[in-house]
Amino acid sequence: MSASTEPSTENRADNNFESVKHVILVLSGKGGVGKSTVATQIALGLQLTGKKVGLLDIDLCGPSTPTMLQLEDQDIHQCTQGWVPVFTDSSQTLAVMSIGFLLNNRDDAVVWRGPKKNAMIKQFIEDVSWGERDYLIIDTPPGTSDEHITVVENLRHRENVDGAVLVTTPQAVSVGDVRRELAFCRKTGVRVLGIIENMSGFVCPHCKECTNVFSSGGGEALAIETGVPFLGKHILCYGLLASKY
Amino acid sequence: MSDKPENAPEHCPGTTSEEAGKASSCEGCPNQKICTSGALRAPDPDIEKVKERMANIKHKILVLSGKGGVGKSTFSAHLARGLSCDESRQIALLDIDICGPSIPRMVGLEGEQVHQSGSGWSPVYVEDNLAVMSVGFLLASPDDAVIWRGPKKNGLIKQFLRDVDWGEVDYLVVDTPPGTSDEHISIVQYLSCTHVDGAVVITTPQEVSLLDVRKEINFCRKVKLPIIGIVENMSGFVCPKCKTESKIFPPTTGGAEKMATDMNVPFLGKLPLDPRIGRCCDEGKSFLAELPDSPAAVAYTEIIEKIILHCG
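Protein sequence lines, in the order shown, are assigned to chains P and D.
Note that numbering that gives the first Met the number 0 has the first sequence beginning at 0, numbered continuously upward.
Note that numbering that gives the first Met the number 0 has the second sequence beginning at 0, numbered continuously upward.
Keep in mind the hints are simulated off the structure, nothing from the lab.
Since we're looking at a predicted model, the values are computed, not measured.
The C-beta atom is built at its ideal place from N, Cα and C for all residues, glycine as well.
Be aware that one or more of the hints could be misleading.
[Claimed, not checked] Among the chain P residues that face chain D by a calculated CB cut under 8 Å, a handful are:
1. Lys20
2. Ile23
3. Leu101
4. Asp107
5. Leu154
6. Glu158
7. Pro204
[As the list claims (entries may be wrong)] Only part of the chain P face toward chain D is listed, based on derived beta-carbon distances under 7 Å:
8. Gly44
9. Cys78
10. Lys121
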């Protein structure tokens, strides 16, 4: 086999990533604030505006993306450039990668320690043949640990990383964790594009009264306090929850 | 929980095997020297110390969920508070969520620090009979990020189990982060030298949560951790204006009760979504003490009684 028949790992990683114009991470120190929902909605929203989008789910223990996009029965295939992502439709304008596609059974637990998770994430970053993408949205698990350190390390030297969107819910317990995520971004040099305050109120479908089930304003206050752009409040939308899940 | 390191060759016999370092597949492995020395087959001395500490603890309960944000820490804090209502009981609450330690705030101990004594680390007391330990107490500031990979997190968890001087305890409640990774593997491994009553698994009703929680149940089965039962949190919301109940997180696939039946695990009960619970947690107060007659507090009490019954 000659050296030119297969791209080297480094070249393949560069080739796969070079074709992506903008990379955006979706982070939160806190679990259950709606990272995957926000990541999916951003990806779908960009697709609707005519962009070519990739959505990479690096939550290995709790991959939600295949379920949210109703792609659970899809498989990943190989090509010479690496792994072919799953497309949501024939237009191939939204490409998705998640460990969810590699599980034999949707209830299988991925019981991996850090090093094995790191290797998988590295593979997702280097070996997925995204093709021409305007945006790659990266959905992450909660925390500031292996997955986050690994993804930032592997993206560090790349020019096309725009930064991170941080998601929180309004209450102090969530905002506390997101403060730590901000510290993580500062320490690792990840630019913070802004904060989204999710689940900021629930509108009763019967009487339309809005109740602040998880308080309100905490995310906005954090953005003001830390000088980070506030991207907006998102209410708990009954229709979205009922349709997606 | 394999004893084959990540950098081991394909047919590694395992670091604790008699063949460790000596098998033909060991040639060229970077770990060969240490395996041949037999150091990895020796029992971990820390495990003996963990066993000694745990011998003073009658009941151990892990609070798990594959899913984040379902209310594990809220439940852990209120389970510990509920158990400590009986002043004759001594309760310990251990928070092993290293990256997102919520417990100090939830029990009104944010900013407190851990003290060393001759007998180990002293936990921080909420009440005379309720002691708490969390990485939150080790941080210089609550805003500090703990940016650690797995091995360092595992080391701290082991230190918590080995060095915290809880004294004689009736119930140890362990709050965990979401997932099935280092923290979960480690806590089960380190506690394997002792009796663990089991795990309470928390979920919310919607399929995206249940998907992760089924994985957690399978994790429990894989590591032979008994399951005390499932709790469905944020089960319904009663509008304060029109008093109609809405399922904010709709149980489109039957919710936790159906999942519990399908997976043959006990169902402990449902907890409604009461905005006052979140506010109490933010303020470090006990919801059970502040609003004891509320439907949520009544539901909590019933679930706690079932857990006490299970532990015997």
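>> Hints numbered earlier in the text: which of these fail when held up against the supplied structure?
In response: The structure conflicts with hints 1, 2, 3, 5, 6, 8, 9, 10, although it agrees with all the remaining ones.
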